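Enquirer: Given next are the chains, with one letter for each unit.
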Amino acid sequence: MEKKKTTIVLFSGDYDKAMAAYIIANGAAAYDHEVTIFHTFWGLNALRKEELVPVKKNFIEKMFGKMMPRGANKLPLSTMNMAGMGPKMIKGIMKKHNVQSLPSLIEMAKEQDVKLVGCQMTVDLLGLKHEEMIDGIEYAGVGAYLGDASEGNVNLFI
Amino acid sequence: MEKKKTTIVLFSGDYDKAMAAYIIANGAAAYDHEVTIFHTFWGLNALRKEELVPVKKNFIEKMFGKMMPRGANKLPLSTMNMAGMGPKMIKGIMKKHNVQSLPSLIEMAKEQDVKLVGCQMTVDLLGLKHEEMIDGIEYAGVGAYLGDASEGNVNLFI
Amino acid sequence: MEKKKTTIVLFSGDYDKAMAAYIIANGAAAYDHEVTIFHTFWGLNALRKEELVPVKKNFIEKMFGKMMPRGANKLPLSTMNMAGMGPKMIKGIMKKHNVQSLPSLIEMAKEQDVKLVGCQMTVDLLGLKHEEMIDGIEYAGVGAYLGDASEGNVNLFI
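Protein chains in written order, with our numbering: chain A, 1 to 158; chain B, 1 to 158; chain C, 1 to 158.
Treat the hints with caution; some may be incorrect.
Copies of the same chain look alike in the list, so a pair counts if it works inside one copy or between any two.
Straight-line C-alpha distance at most 27 Å; calculated BS3-like pairs for lysine-lysine [said to hold, decoys possible]:
(1) Lys115 x Lys5
(2) Lys110 x Lys4
(3) Lys88 x Lys56
(4) Lys57 x Lys88
(5) Lys66 x Lys49
(6) Lys66 x Lys91
(7) Lys110 x Lys49
(8) Lys56 x Lys96
(9) Lys110 x Lys95
(10) Lys95 x Lys62
(11) Lys3 x Lys95
(12) Lys4 x Lys66
(13) Lys56 x Lys95
(14) Lys88 x Lys66
It should be emphasised that the hints constitute simulated quantities derived from the structure, not laboratory data. Keep in mind that this is a model prediction, so the values were computed, not measured.
Please build the complete structure, drawing on both the sequences and the hints.
Expert: As structure tokens, then:
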């Protein structure tokens, strides 16, 4: 029997929305779906390395790089962000309830062979370089996404 | 013939987005789909009772409870909220155009047997208690959602 | 063989989200899908003509008309909008990378016979008039959307 397929476009760069995306992705992988998360625009920030990677950038690229959060742990909340207080509070509560953090959900997705894709067009637009991104990411375009999604049982845009 | 299925993840706690979710859900139910709305994160606020329900909470849970809107009628707009002016204006216009309010769309969904689910994990994270939520809600996890969605004809994340 | 179908509800009035919607739509059309974009709420702003069209409106409709951006080129960014600086920067970068602007993506969608639909209920709520909208738009309700979506291979809410 053919495997069920789940695809998620992660457009948002918010901690809570990325959590929802990765929880659904990990759940689907646990139910033996083939799962792809296609990161585009601000969703790419979840895939940035935490450390500053020295790469050559032009002025605008440098500025974008500085203004956008560096990695999953730095993402803001979509609601009640309160200048960074919100994410701290939520992370504290998550720990108490034994809910996995976003970086650990991403790690788990990799272990479950969820395909993590970065949209090359928006990587270029936001001036990101592959060296700045965590390992294990593929880069592709809308065609590859549509190939997966048109066979998908569950397709979401987050 | 098997019934068509529609599932909606309602992540957003915005009045306009929740309206869109419930209008699609009620439409699908009218076309004889089996419909599930899975409320997670801020989408749970649409299911809170308007009145203050006395429940035992810790400090953080109390704080969250106070900061989050209590019930469908209190939700902000995603755009042009203008400190609460926007929702008032929209509700006035809706009345004039005989468009149902969000609380009445939720009532209608229940009457049409739309399955309203609260995500238990985020209920816990946000410190909500079942007594604070309107009646007729089931509580479940991502597994139940995926069971429905993987059979769904229309699956949306709002 | 029957054609694959893609439907997108464009709820958002943000430049970047509308871009994502139209890039996916144009991609799907290029892969020979039948594609529908159903514009509702703030997503309708992407379809407004840039020029001021003299139409009769009541006070609230006039106010909404003034506060909402007039046309695809005027939409804000969902993130890093910075009072209009963000969209200018992104558009500059897009030009440099030969990425099509949103107005030109909409034009391309029309040429590829993507069906562009405006949600009549929210057109009325926001006080928009058909004369203010670009040509080639159909107007319909949630029933028409669900008819398309329930046959869809890829259904997204953006």
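Enquirer: If a hint holds in the structure, say so; if it doesn't, say that too.
Expert: Outcome of the hint check:
1. Lys115 x Lys5: Answer is both: 11 Å inside a copy and 24 Å across each meet the 27 Å cutoff.
2. Lys110 x Lys4: Within one copy only: 18 Å inside, 30 Å across.
3. Lys88 x Lys56: between (32 Å within a copy, 23 Å between copies)
4. Lys57 x Lys88: The answer is between: 19 Å across copies meets 27 Å, while 31 Å in one copy does not.
5. Lys66 x Lys49: This pair counts as within: shortest intra-copy Cα distance 13 Å, inter-copy 36 Å.
6. Lys66 x Lys91: Answer is both: 23 Å inside a copy and 19 Å across each meet the 27 Å cutoff.
7. Lys110 x Lys49: within (15 Å within a copy, 40 Å between copies)
8. Lys56 x Lys96: between (41 Å within a copy, 17 Å between copies)
9. Lys110 x Lys95: Within one copy only: 21 Å inside a chain, 35 Å across chains, cut-off 27 Å.
10. Lys95 x Lys62: between (34 Å within a copy, 18 Å between copies)
11. Lys3 x Lys95: neither (34 Å within a copy, 41 Å between copies)
12. Lys4 x Lys66: Neither: 39 Å inside a copy, 42 Å across copies.
13. Lys56 x Lys95: between (38 Å within a copy, 21 Å between copies)
14. Lys88 x Lys66: This pair counts as both: shortest intra-copy Cα distance 21 Å, inter-copy 18 Å.
The structure is inconsistent with the numbered hints 11, 12, although it conforms to all the rest.
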